[in-house]
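Listed here are the chains, written in short residue letters.
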Amino acid sequence: MPATPNSTAAIVQRCQDLFDDLDFTAARAWKDAAPGRKVVGYMPVYVPRELIHAANMLPLGILGGGENMEVIHGDAYYQSYICRIPRSTLELGITGKLDFADGMLFPFVCDVIRNLSGMWKLLFPKVYTRFFDTPQNYKDEVGGNYYIEELRELREGLEELGGARITDEALRASIEVYNENRRLVREVYAFRAATPWKAPSSEVYLLMRAGNVLPVEEHTQLMKDYLAAVKAEDRPMRDNCRVVLNGAFCEQPPLNLIKSIEMAGCYIVDDDFMLVNRWLLDDVPADGDPLANLASAFLHRSAETSAKFQPDEGEKGKYLIQSVREKGAEGVIFAAPSFCDPALLERPMLQAKLKAHGIPYISFKYAENSGQMQPIREQAGTFADSIKLWSAA
Amino acid sequence: MSTQDVIKEASMLKQKEMIANNYDLLTSTRGHGRKVASTFVPGNLNELIMCFDMLNNLPEINAIQNGMKKLSGGYITEAEKGGHSEDVCTYVKADLGMMKRGNLAPNGKPLPDPDLLLLSYTGCFTFMKWFELLRAEYNCPTVMLHVPYQGDGKTTQNMRDYIVKQLKEDVIPTLEKVSGVKFDIDRLRENLRRSAKAEDDLVWVLETAKNKPTPIDAYFGGVYYIGPIFTAFRGTDDAVEYYRLLRAEIEERMRQGLGPLTPEGEMKEQKYRLVVEGPPNWTSFRDFWKMFYDEGAVVVASTYTKVGGMYDLGFRHDPDHPLESLADYCLGCYTNRNLPQRVDLLEKYINEYEADGLLINSIKSCNSFSAGQLLMMREIEKRTGKPGAFIETDLVDPRYFSAANVKNRLESYFQMIDQKRRALASAA
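Just so you know, the protein sequences line up as chains A and B, in that order. In this text, residue positions in the first sequence follow our numbering: the first is 1, and each later residue adds one. In this text, residue positions in the second sequence follow our numbering: the first is 394, and each later residue adds one.
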């Protein structure tokens, strides 16, 4: 029987199609729909998409080429000991798959992505390319003032690119649009944490990925439709354990890896995939100075990840323990991309904190094109079994 | 000449004595009571640290010392056994492993736990995680100085203001608190004045490599020349004296028409003039160097000797603008510059130092340096017409130094330069 347009199957299929489409057809169609439209790409972990939206441009999340992209040119630019996301991103650029992107933003996440910003400048000199720095000092009068000025520079750059001013009014309206999007993202995550059998992570992942390529308003509607559809659907609960997945905030794992973890008996009840969707933890005030509001939200109410400095040792890793407690998780899976400095340097610190709290964990590495899932399935399956046995004891 | 007969010039003896004294001070804090700040080479605030009578301990330098003494391999294994990934920086693991094995300084005595981790965050992501890891071990105060990256190839007033504010509101108050010494800006000015004097002499020395033959090797010799100014001595009388001695020695070498000193004596024949990008390998430093001088290859300019400050582009610490000057210093360090700036610099070096080509020593541990180097090499070849070559080693992990591979690559590269010369000669 064919799926109705708003059925879970249809929504998930649409997200899957967007995920598989390395030509970014939807984003190209958006650009072609009206003259003068611009598209600005961005990489993980976070950029203030509100500014791009307020400039009437489409923010386009770039997360590498994934498992289905054959990397030929990209490998010629990188040594074997560097992760895969910059190679496949360059491959996207060199093969013309991003030729419609008028701008590219490279946020602060690590030295590889930072240096990729310079490579982009050299290889694609006509593209508006910016390394987007964020403060590691979280005092309003120090890091806050610096960040407001960075936001102002980004705004000016986008104004020049678009040939039009970005007014405070437009920015406040965009903040509201993104507030609604973030509310829905939180709702989907909360729903999954409460009933993971109804919203499997492989679906939630695709739903969140769709937010990278669709206009934000469409993505928000898609999440509403998904929630309505899965709530109405009867899906069986399995005897799975509940885990938090950590370390996959930049280079993404293959979709099969997420499916493999679930098939091995683990419900993922929290994760750090695509943090940009949930970076700001609450609504950003839509009145007053929009840049100051975005800065304040970044300093005081943004997600924790290893790309940020944690000034207080007592706070280190607390977010992960809180996530485990609040989501009722029984363990943590550390899944980090090979050669990922932020995730791999952070991991021993987080593991020490979990150990101190008696929270079990396992660790493995992946690349976006990892093909062999059997070892992951076995490891995750053993972890799930040990949690169940341990809990029963 | 055997390696036992290495010639020691006055500047070398002076530096050796400075390093030994510093380690003696560091390992005797119980006696004299001075506080210790651990910090990094790029964005090193030595002049400021000295204002608080504190000592400066640099984990990168300890890792280098351990690399050269063949101790780092064991330390890295120790850290990996403790759960640190084989994929991450070996400076970090050498440091953590050294701590697990008693934290012994080169003088054989244990280093004290730091009283402060001064996280001068300039040009390297790993620094941030490194000191978070150390903080968990030492449980001591940590203060961050975030230096923004020159993403657009320039510094802005916003970046400078941000650094100065951090110095005023976080770094200096923390140093005061830890040391119990009140900040005196005039003392900082004096230190900066001495820094600038030493910096003048260092630049003079590095630029002598424009001569043919060059009296110095600006990479293998260069790492010794930058030693005092990149570490615990910038702003001291000792550093001024060291660079005065060094300059006099190089002047004398030039007067006599001598080539650079190597561990096996004076380098006689200079067949290839190279610019080198990237840090050296430390675990086989002497063997690595020998592969060059045996073939008559001399390095006339290098980027590694700029990680702790880009003095040859004109920057000097300025006593009249002390905090702003520290900000400009941090912003300008080599790995805080974007890739187009780095390519421009290499092109300038190739041209101004009349080099035969660019050699990149790509370091597994260091993504800050390494990510993008293959594109840099292509750009330089395109812009200068000079051949580039690429070798891969590591900083202090002996598992990643394959002598035969490196030697093969270098020999092929020198042949390539010869061929290029012959082709040019026949075209003329």
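It is worth saying that the hints were derived from the structure and are not from the lab. Just so you know, not all the hints are guaranteed correct.
[What the hints assert, rightly or not] Heads up, simulated EDC-like pairs for lysine to aspartate or glutamate below, C-alpha to C-alpha not over 20 Å straight-line:
1. 126/A / 662/B
2. 590/B / 600/B
3. 353/A / 811/B
4. 139/A / 642/B
5. 198/A / 153/A
6. 407/B / 642/B
7. 561/B / 713/B
8. 308/A / 402/B
9. 547/B / 156/A
10. 355/A / 473/B
11. 590/B / 630/B
12. 561/B / 141/A
13. 570/B / 102/A
14. 139/A / 745/B
15. 561/B / 156/A
16. 661/B / 630/B
17. 353/A / 473/B
18. 558/B / 141/A
19. 570/B / 160/A
20. 558/B / 32/A
21. 139/A / 563/B
22. 664/B / 745/B
23. 126/A / 562/B
24. 547/B / 153/A
25. 308/A / 282/A
26. 558/B / 579/B
27. 605/B / 662/B
28. 558/B / 156/A
29. 558/B / 811/B
30. 547/B / 233/A
31. 126/A / 149/A
32. 570/B / 554/B
33. 316/A / 530/B
34. 355/A / 657/B
35. 547/B / 160/A
36. 474/B / 530/B
37. 407/B / 577/B
38. 318/A / 562/B
Here the structure is a predicted model, which means the values were calculated and not measured.
Is it true that the CA of residue 558/B sits at most 20 Å from the CA of residue 811/B? Given pair residue 558/B, residue 811/B is violated - Cα atoms ~54 Å apart, limit 20 Å.
Below or equal to 20 Å on CA atoms is what counts here, so check residue 126/A against residue 562/B. Judged against 20 Å, a Cα distance of about 40 Å means the pair is violated.
Is the Cα-Cα distance between residue 318/A and residue 562/B 20 Å or less? Judged against 20 Å, a Cα distance of about 26 Å means the pair is violated.
Just to be careful, I want the Cα atoms of residue 407/B and residue 642/B compared with a cutoff of 20 Å; is the pair within it? 13 Å, holds
If you draw a straight line from the CA of residue 561/B to the CA of residue 713/B, is it 20 Å or shorter? 17 Å, holds
Quickly compare the C-alpha distance for residue 126/A and residue 662/B to 20 Å and report which way the hint goes. It is violated: about 46 Å lies between the C-alpha atoms, which goes past 20 Å.
Has the given pair, residue 139/A with residue 642/B, been kept, meaning a C-alpha gap of at most 20 Å? 50 Å, violated
Would the pair residue 558/B and residue 156/A pass a check requiring their Cα atoms to be no farther apart than 20 Å? Answer violated: residue 558/B to residue 156/A is near 24 Å, above 20 Å.
Would you check the hint for residue 570/B and residue 102/A, treating anything up to 20 Å between C-alpha atoms as holding? Status violated; Cα separation ~50 Å.
Distance restraint between residue 547/B and residue 160/A, which requires alpha-carbon spacing of 20 Å or less: 19 Å, holds
Under the criterion that the straight-line Cα-Cα distance not exceed 20 Å, is the pair residue 558/B, residue 579/B satisfied? 19 Å, holds
Pair hint residue 590/B and residue 600/B, alpha-carbon separation not exceeding 20 Å: Holds, at about 16 Å.
This entry does not satisfy hints 1, 3, 4, 5, 8, 13, 14, 15, 16, 19, 20, 23, 28, 29, 30, 31, 32, 34, 37 and 38, going by the numbered hints stated previously.
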